[in-house]
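Just need the whole structure built from these sequences, with the hints factored in.
As given, the protein sequences belong to chains A and B, one line each in that order. The working numbering numbers the first residue of the first sequence as 15 and each following residue consecutively. The working numbering numbers the first residue of the second sequence as 7 and each following residue consecutively.
The set of hints was computed from the structure by calculation and includes no laboratory data. Take the hints with a grain of salt, since some may be wrong.
[As the list claims (entries may be wrong)] Stretch by stretch, here's where chain B covers chain A in the computed footprint (C-beta under 8 angstroms, at least three residues):
id, stretch
1, 30-36
2, 47-53
3, 59-66
4, 97-105
5, 111-123
Even for Gly, the Cβ is constructed at its ideal location relative to N, Cα and C.
Each chain, letter by letter, is given below.
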Amino acid sequence: MTQQAEAVRLRPPQNAVHPRAITMWTTRSAVAYGLVALVLAGLAAFVDGAGTLFAVLAFLTALAGACYAVVVPRWRYRVHRWEVTDDAVYTSSGWLWHQYRVAPMSRIQTVDTMRGPFYQLFKLSAVTVTTASAMGPLRIDGLDEEFARDLVDRLNRVTQATPGDAT
Amino acid sequence: MTVEDMRVQSVGWRRLDPRMCLVNLRWLLPPMGIIALTALASGGVNWEDHKLQIVSALLFVYLTCSEMVRWRTTRYRVTDEQVEVHSGLLWRRHVAIPRDRVRTVDMTSGPVHRVFGLSIVTMGTGQALRTDRRDQVKLDAVAAAEAATLRAELLPRAHAAAAAPVEPEQPVVESEQPNVESEQPAVESEQPVVEREKPAAGPADSRTSASADTPKQAAAAVAPAAEEIARLHPAWVRYAPLSPLVFVIGLAPLTQAYNLAERLGIPVDIEGAVLGVIEFLGSAPAWLFAVFLLMMLVAGAIGTVLLFTESWWRFRLEREPGSASSGTLRVSRGLLTTRSFTLEERRLRGAELIEPFMLRWGRAARLKAIASGLRQTLDGPRGGSGALLPPAPRQMAHVTAASVLGETESPLSPTRLRAHPRAALRRRLFRAAMASVAAIAAAAGLAGPAGWSTGWSMAAAAVVVVPLSLLLAADSYRSLGHTLFGAYLVTRSGALRRRTVALQRTGIIGWTITRSPFQRRSGLANIAATTAAGTLGAYTVRDVGYGDGLMMAGEAVPGLLAQFIEGAPSKGTET
Numbered sequence: 015m016t017q018q019a020e021a022v023r024l025r026p027p028q029n030a031v032h033p034r035a036i037t038m039w040t041t042r043s044a045v046a047y048g049l050v051a052l053v054l055a056g057l058a059a060f061v062d063g064a065g066t067l068f069a070v071l072a073f074l075t076a077l078a079g080a081c082y083a084v085v086v087p088r089w090r091y092r093v094h095r096w097e098v099t100d101d102a103v104y105t106s107s108g109w110l111w112h113q114y115r116v117a118p119m120s121r122i123q124t125v126d127t128m129r130g131p132f133y134q135l136f137k138l139s140a141v142t143v144t145t146a147s148a149m150g151p152l153r154i155d156g157l158d159e160e161f162a163r164d165l166v167d168r169l170n171r172v173t174q175a176t177p178g179d180a181t
Numbered sequence: 007m008t009v010e011d012m013r014v015q016s017v018g019w020r021r022l023d024p025r026m027c028l029v030n031l032r033w034l035l036p037p038m039g040i041i042a043l044t045a046l047a048s049g050g051v052n053w054e055d056h057k058l059q060i061v062s063a064l065l066f067v068y069l070t071c072s073e074m075v076r077w078r079t080t081r082y083r084v085t086d087e088q089v090e091v092h093s094g095l096l097w098r099r100h101v102a103i104p105r106d107r108v109r110t111v112d113m114t115s116g117p118v119h120r121v122f123g124l125s126i127v128t129m130g131t132g133q134a135l136r137t138d139r140r141d142q143v144k145l146d147a148v149a150a151a152e153a154a155t156l157r158a159e160l161l162p163r164a165h166a167a168a169a170a171p172v173e174p175e176q177p178v179v180e181s182e183q184p185n186v187e188s189e190q191p192a193v194e195s196e197q198p199v200v201e202r203e204k205p206a207a208g209p210a211d212s213r214t215s216a217s218a219d220t221p222k223q224a225a226a227a228v229a230p231a232a233e234e235i236a237r238l239h240p241a242w243v244r245y246a247p248l249s250p251l252v253f254v255i256g257l258a259p260l261t262q263a264y265n266l267a268e269r270l271g272i273p274v275d276i277e278g279a280v281l282g283v284i285e286f287l288g289s290a291p292a293w294l295f296a297v298f299l300l301m302m303l304v305a306g307a308i309g310t311v312l313l314f315t316e317s318w319w320r321f322r323l324e325r326e327p328g329s330a331s332s333g334t335l336r337v338s339r340g341l342l343t344t345r346s347f348t349l350e351e352r353r354l355r356g357a358e359l360i361e362p363f364m365l366r367w368g369r370a371a372r373l374k375a376i377a378s379g380l381r382q383t384l385d386g387p388r389g390g391s392g393a394l395l396p397p398a399p400r401q402m403a404h405v406t407a408a409s410v411l412g413e414t415e416s417p418l419s420p421t422r423l424r425a426h427p428r429a430a431l432r433r434r435l436f437r438a439a440m441a442s443v444a445a446i447a448a449a450a451g452l453a454g455p456a457g458w459s460t461g462w463s464m465a466a467a468a469v470v471v472v473p474l475s476l477l478l479a480a481d482s483y484r485s486l487g488h489t490l491f492g493a494y495l496v497t498r499s500g501a502l503r504r505r506t507v508a509l510q511r512t513g514i515i516g517w518t519i520t521r522s523p524f525q526r527r528s529g530l531a532n533i534a535a536t537t538a539a540g541t542l543g544a545y546t547v548r549d550v551g552y553g554d555g556l557m558m559a560g561e562a563v564p565g566l567l568a569q570f571i572e573g574a575p576s577k578g579t580e581t
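Okay, here's the thing in structure tokens:
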């Protein structure tokens, strides 16, 4: 069994998220790091005595932010994938830590969309699929807004057609 | 955006009640009350000082604005198939719940809501005991009449039964009745009673009274033959001191004395006392040291035995036949505070064997139920919710588990467990080495300021930490194991607290596979079976061989994970 098991692995889900997600993630992390760097730079300008320290911190933050914003979203895009089959939803996410999640159609309780400010800016949407587990929902992050709406409709139709109380 | 607005305006969308913005008036109450009190006490308000008014006014304005935005942006509708709620301005959320998945519709109205004739409606899909609220949809707030209509619309069945409060959604009844005033009955008496429609005169929160009533009803219903599964054996008290508490409780008299002194106003020079004790111990002979330690342990042992007696006095685990489909499990126990806990068997998803390291020395274990709708609390010495047995002989725990789960053989039995790859051991040894290095470095760092010899403190740290961490690593690896046994997925892990979980395969509602960079390199994975039971919502097989684990998961729930596995030799036919 063990020798056979060597070759056994999960295949990645079929669909990638929308390429605009890269831009969105990049913008989002750039803005977040940028704000922190700005605050630190402000402190460097106005705090007497510790100016150099804050300036160095601001520079390091900006540097780390730039690296993160360039590398991580592209990396993420390669990992984040999703797939809906007749009887299950299958997602993969993460960048350093990879997470694959599967939920059977018959156990899905709700399907909804969530759009933060950056999502709205880039006309993107995150679809969350909730089951009865306290582990939290499956999340497909960075789908096109219209597409996500259709997907949610589709999923809702399928879950309604599937009998069972989902627990 | 425009497309959406068109959609929204189309059919049957309803808004929240505009009066909800008025509920915020309550924020004006405390500052106004303070001002009134000041006026009464001092005979006049110092109008020079406007700070309070400005702050409260700003707060009020802010809240009112945000509430108005919320009112503007929240829409909901009930169609033939589903309930939809659309909300948020910056963070937009669209939720749709299929109508047949709506299990609870709760109406809550606090005093202020009642003044304005409003109700908060919460629609839940069943598992009310959740860490995140995504499965709940909250309408805060609609007119009380509207709320009643909604409820009747969504739960015609519940509406019909509203007069006689039969509670199908309440799988677990857990209660505590203080016989005598005990220290903190309030802490655990909170319980997952689904809040029901209350007459307007009722108090906003009557959980406690509800919890006091239920066991009596249950006790009255017990009448026919209840089959006893287990009862307390007095000899089990010997396991009580096998708990880390033994070292802590012995110190309690000291802290209590300090508290008492402080309350009586006797000044205690803590620092002086500690220094004095250290000085005294330094000069005292070694045997005195031993005597002190012994006394502390004896006091700790007595304390844990008392605690055990209080928690598990007259413990009984019974099965009541109940309705046709499934019986009920009932645990009753307690001396000062009697606890009773009822669990419908159809909610049972498995069992969990817990072996903290000291209990393991005594070949004993605790047993807990895994059930959906069961609120998991921290299991302290008193045994948290879902406890099926006090600390008891391991063999007894297995027998009880088998009996509770209706099996002839305990699925928790360790003999069938399959070991995990050596890479899991390497991973643990690596962590142990990192911890040792960190501890030795810390010792070196602390040695300088404390004035000790750097070399000696590093050596001392190494002597203590290295064997300890290596032992823990090895033990943690030995704990790892998993198997599929009959209808159960069995997994075991943990070093200081070894946990064996047997989860019904039919209770698995999904899989989560997580791999760290290290695990990817060494062919390992954490494979978690998600379930509707338990606080974390998942039970994990840690550091299992990637392929082996996947094949196990594929086999455990046919037709779910298998379709996403590639390279499986013969399992591919299942989908």
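A quick look at each hint next to the structure:
no.: 1; hint: 30-36; in the structure: violated (count 0)
no.: 2; hint: 47-53; in the structure: violated (count 0)
no.: 3; hint: 59-66; in the structure: violated (count 0)
no.: 4; hint: 97-105; in the structure: holds (count 5)
no.: 5; hint: 111-123; in the structure: holds (count 10)
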